[in-house]
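Asker: Modelling step: build the complete structure from the supplied sequences, incorporating the hints.
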Amino acid sequence: MKGIFKALSIFMVFVLMVSSLGPLFANAETPTKEASSVEVTVPSTIQIPESTESLNGEVQPMILPALALRLLITTGAKKGIEYAIKYSASASQLQKKFKHAKDFGVTGNYNLINRAKFEDALRDHVRDSTEIYLSKYSGQDVFVFFKGDNFVYTNTQGDFISGWKYTDAQGSYHRSNGMKAKKQ
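Residue numbers (mature numbering (1 follows the signal peptide of the UniProt record, and there is no 0)): -28 to -1, 1 to 156.
Calculated directly from the structure, the hints in this document are not laboratory data. There could be a bad hint or two in this list.
The calculated SDA-like cross-link candidates involving lysine to any residue, where the alpha carbons are at most 25 Å apart (straight line), are [as the list claims (entries may be wrong)]:
#  : residue 1 : residue 2
1  : 68        : 154
2  : 71        : 107
3  : 152       : 71
4  : 154       : 106
5  : 119       : 138
6  : 137       : 103
7  : 155       : 102
8  : 58        : 140
9  : 89        : 111
10 : 74        : 56
Restraint ranges, calculated between C-beta atoms of paired labels, are given here [what the hints assert, rightly or not]:
#  : residue 1 : residue 2 : range
11 : 81        : 54        : 35 to 43 Å
12 : 86        : 149       : 16 to 24 Å
13 : 108       : 44        : 16 to 24 Å
14 : 64        : 112       : 13 to 21 Å
15 : 44        : 82        : 15 to 23 Å
16 : 80        : 144       : 19 to 27 Å
17 : 96        : 63        : 13 to 21 Å
18 : 128       : 148       : 19 to 27 Å
19 : 54        : 99        : 26 to 34 Å
20 : 156       : 74        : 28 to 36 Å
From the three backbone atoms N, C-alpha and C, an ideal C-beta is built for every residue, glycine too.
Answerer: Quick look at the structure:
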């Protein structure tokens, strides 16, 4: 459905461009033709969601908007590197990591309501985190968002990887090997 609207938008821009260029190529010997217009009716009640997820073969719109963060990675006396990330979590990743939902206060079995609660809890955790580090997890660069006894991992683009109640050793690893980040 989104592809149809994108193609329709491109077509409409093309028609408008072509119709506005007609007078530029007209000269005295050739009479100008009136630009033809194409009337397209698009229902005003259709809303296109920004992102969608597939659930049991059906396309479901993502309910929550993305959380945009700007992070500054500080490295001692150096200036630091700025990252602008947009936190997001796919339905499949939330389902895969739902076993950690109890660490974020979400109880019960996985379903659409509990998925939304889990996503809310993770989004709040990332937004309200007290410490952020650029570190490594399973060999890839990640942001680690600490708050209370929990942390959340995202990749450097802000895509949710996982999160749980960390051990002292896990917390110490990221604090000593990671680079401290702060929100802008």
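Asker: Now tell me if each hint is right for this structure.
Answerer: Hint-by-hint comparison with the structure:
| no. | hint | result |
| --- | --- | --- |
| 1 | 68 to 154 | 29 Å, violated |
| 2 | 71 to 107 | 23 Å, holds |
| 3 | 152 to 71 | 28 Å, violated |
| 4 | 154 to 106 | 10 Å, holds |
| 5 | 119 to 138 | 10 Å, holds |
| 6 | 137 to 103 | 15 Å, holds |
| 7 | 155 to 102 | 10 Å, holds |
| 8 | 58 to 140 | 28 Å, violated |
| 9 | 89 to 111 | 30 Å, violated |
| 10 | 74 to 56 | 29 Å, violated |
| 11 | 81 to 54: 35 to 43 Å | 41 Å, holds |
| 12 | 86 to 149: 16 to 24 Å | 34 Å, violated |
| 13 | 108 to 44: 16 to 24 Å | 19 Å, holds |
| 14 | 64 to 112: 13 to 21 Å | 18 Å, holds |
| 15 | 44 to 82: 15 to 23 Å | 36 Å, violated |
| 16 | 80 to 144: 19 to 27 Å | 33 Å, violated |
| 17 | 96 to 63: 13 to 21 Å | 18 Å, holds |
| 18 | 128 to 148: 19 to 27 Å | 20 Å, holds |
| 19 | 54 to 99: 26 to 34 Å | 18 Å, violated |
| 20 | 156 to 74: 28 to 36 Å | 32 Å, holds |
Of the numbered hints listed earlier, those contradicted by the structure are 1, 3, 8, 9, 10, 12, 15, 16 and 19.
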